[in-house]
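Enquirer: Model the placement of chain B on the given structure of chain A, informed by the hints.
Number of protein chains: 2
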Amino acid sequence: MKKGTVFVLSGPAGSGKSTVREALMSRGLNFHYSVSDTTRKPRAGEVNGVDYNFITREEFEEGIARGDYYEHAKYTGEYYGTPVSQLEPYIESGVNVILEIEVDGAMQVKKRDKNAVLVMLLPPSFSCLEARLRGRGTETEEKIRRRLARARAEVLHFDKYDYFLLNDDDGVEACVRQLEIIAEAQSYRTGNYPDFPTKFFNT
Amino acid sequence: MKKGTVFVLSGPAGSGKSTVREALMSRGLNFHYSVSDTTRKPRAGEVNGVDYNFITREEFEEGIARGDYYEHAKYTGEYYGTPVSQLEPYIESGVNVILEIEVDGAMQVKKRDKNAVLVMLLPPSFSCLEARLRGRGTETEEKIRRRLARARAEVLHFDKYDYFLLNDDDGVEACVRQLEIIAEAQSYRTGNYPDFPTKFFNT
Numbered sequence: 001m002k003k004g005t006v007f008v009l010s011g012p013a014g015s016g017k018s019t020v021r022e023a024l025m026s027r028g029l030n031f032h033y034s035v036s037d038t039t040r041k042p043r044a045g046e047v048n049g050v051d052y053n054f055i056t057r058e059e060f061e062e063g064i065a066r067g068d069y070y071e072h073a074k075y076t077g078e079y080y081g082t083p084v085s086q087l088e089p090y091i092e093s094g095v096n097v098i099l100e101i102e103v104d105g106a107m108q109v110k111k112r113d114k115n116a117v118l119v120m121l122l123p124p125s126f127s128c129l130e131a132r133l134r135g136r137g138t139e140t141e142e143k144i145r146r147r148l149a150r151a152r153a154e155v156l157h158f159d160k161y162d163y164f165l166l167n168d169d170d171g172v173e174a175c176v177r178q179l180e181i182i183a184e185a186q187s188y189r190t191g192n193y194p195d196f197p198t199k200f201f202n203t
Numbered sequence: 001m002k003k004g005t006v007f008v009l010s011g012p013a014g015s016g017k018s019t020v021r022e023a024l025m026s027r028g029l030n031f032h033y034s035v036s037d038t039t040r041k042p043r044a045g046e047v048n049g050v051d052y053n054f055i056t057r058e059e060f061e062e063g064i065a066r067g068d069y070y071e072h073a074k075y076t077g078e079y080y081g082t083p084v085s086q087l088e089p090y091i092e093s094g095v096n097v098i099l100e101i102e103v104d105g106a107m108q109v110k111k112r113d114k115n116a117v118l119v120m121l122l123p124p125s126f127s128c129l130e131a132r133l134r135g136r137g138t139e140t141e142e143k144i145r146r147r148l149a150r151a152r153a154e155v156l157h158f159d160k161y162d163y164f165l166l167n168d169d170d171g172v173e174a175c176v177r178q179l180e181i182i183a184e185a186q187s188y189r190t191g192n193y194p195d196f197p198t199k200f201f202n203t
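Protein chains in written order, with my numbering: chain A, 1 to 203; chain B, 1 to 203.
Excised from the complex, chain A in its bound form:
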């Protein structure tokens, strides 16, 4: 049976990553959204088990020790990780899994699974990203600076990603459609059919 594919969606804060992912998920396609574990505190409006599984540092470190994480990384002192249980059972049963994670995790995923697809979502320019972050008007200057610095570092890994989606002013629908196209193309990859040549000769 054809396995599912792991899709990693990365992009700096302000790139519209969550909006695109939510729009994709609302289409009812063959995608499972992988909910990450984190040790950071929930923000206002975040729901445990939906946005993240909020767990303690001890629980996370025990999970690492047990090999429970497909990938994990630490940002500003807090752990973030994808439990193997959010991924392997879906892939094995032919469902695509979408991870919304950052560059470090994306590189770990690609290393474990060469069929994984890394997608980077970006606004047209850095100044546009800055304007979006400032436009929210909800964050301190220090936080904005930190996010911009991280965005700068992320974009330097552009060429390690497979695909690039440009999220311009009203790009969400276009990006979702493009993700669907990428997912369909991916379903024709030879890597999905390792047994085909044997089957070809024996039938």
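It is possible that some hints are incorrect.
Pairs count within a copy or across copies, as identical chains cannot be separated in the list.
Here are the simulated BS3-like pairs of lysine-lysine, each with C-alpha atoms no more than 25 angstroms apart in a straight line [unchecked claim]: (1) 160 to 199; (2) 160 to 3; (3) 3 to 41; (4) 114 to 74; (5) 114 to 160; (6) 74 to 41; (7) 143 to 2; (8) 41 to 160; (9) 143 to 3; (10) 111 to 160; (11) 110 to 160; (12) 114 to 143; (13) 3 to 74; (14) 74 to 111; (15) 114 to 199.
Bear in mind the hints are in silico, worked out from the structure with no lab data behind them.
Expert: Same frame as chain A, but now just chain B:
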């Protein structure tokens, strides 16, 4: 400006490769079909400059010496090759180029251009391929055996190809649509936008 992509379509005799390629070309999309040079004699109905450029052995060997070929290979004593002029001007001006060539040439293309996309077209099974070849009723037993042997060898390179299209009994339309999807996905590859990060930071 975004460059075009090189698509290689390979598949054994009887896979329906030419039918799929002709149907793709008839859509009037952004594809140029690269006409190969060959030293073999034209078959009944083949038109010089359309099916192949039929040239002499001396011309072909001079071309090799001049570096005129993007890829070339020899089968049963005859040369086949893609002139650089059938490819580079199109790619540079943003047009996709489709090559209908065999495994040796496909490997040369991928080596020169890591953004090239290799697609293998196959019927569901070897016995189905054999039935199709025999069903034509136009070829000698010896020729059929030779083609089947070559098909066998080609399929062993399955995993060196990027994509696999299954051409079952009435699969031509499906294969053309799948090629279009693959081509669209390809247009979102980061490799097409090497200058994006610089542009991102400077605008």
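Enquirer: Now tell me, hint by hint, if it's right for this structure.
Expert: The hints, checked one at a time:
no.: 1; hint: 160 to 199; in the structure: between (34 angstroms within a copy, 17 angstroms between copies)
no.: 2; hint: 160 to 3; in the structure: both (24 angstroms within a copy, 19 angstroms between copies)
no.: 3; hint: 3 to 41; in the structure: neither (35 angstroms within a copy, 46 angstroms between copies)
no.: 4; hint: 114 to 74; in the structure: within (23 angstroms within a copy, 33 angstroms between copies)
no.: 5; hint: 114 to 160; in the structure: both (12 angstroms within a copy, 14 angstroms between copies)
no.: 6; hint: 74 to 41; in the structure: within (14 angstroms within a copy, 66 angstroms between copies)
no.: 7; hint: 143 to 2; in the structure: neither (44 angstroms within a copy, 36 angstroms between copies)
no.: 8; hint: 41 to 160; in the structure: neither (31 angstroms within a copy, 46 angstroms between copies)
no.: 9; hint: 143 to 3; in the structure: neither (40 angstroms within a copy, 39 angstroms between copies)
no.: 10; hint: 111 to 160; in the structure: both (12 angstroms within a copy, 19 angstroms between copies)
no.: 11; hint: 110 to 160; in the structure: both (10 angstroms within a copy, 19 angstroms between copies)
no.: 12; hint: 114 to 143; in the structure: neither (35 angstroms within a copy, 40 angstroms between copies)
no.: 13; hint: 3 to 74; in the structure: neither (30 angstroms within a copy, 38 angstroms between copies)
no.: 14; hint: 74 to 111; in the structure: within (18 angstroms within a copy, 38 angstroms between copies)
no.: 15; hint: 114 to 199; in the structure: within (23 angstroms within a copy, 29 angstroms between copies)
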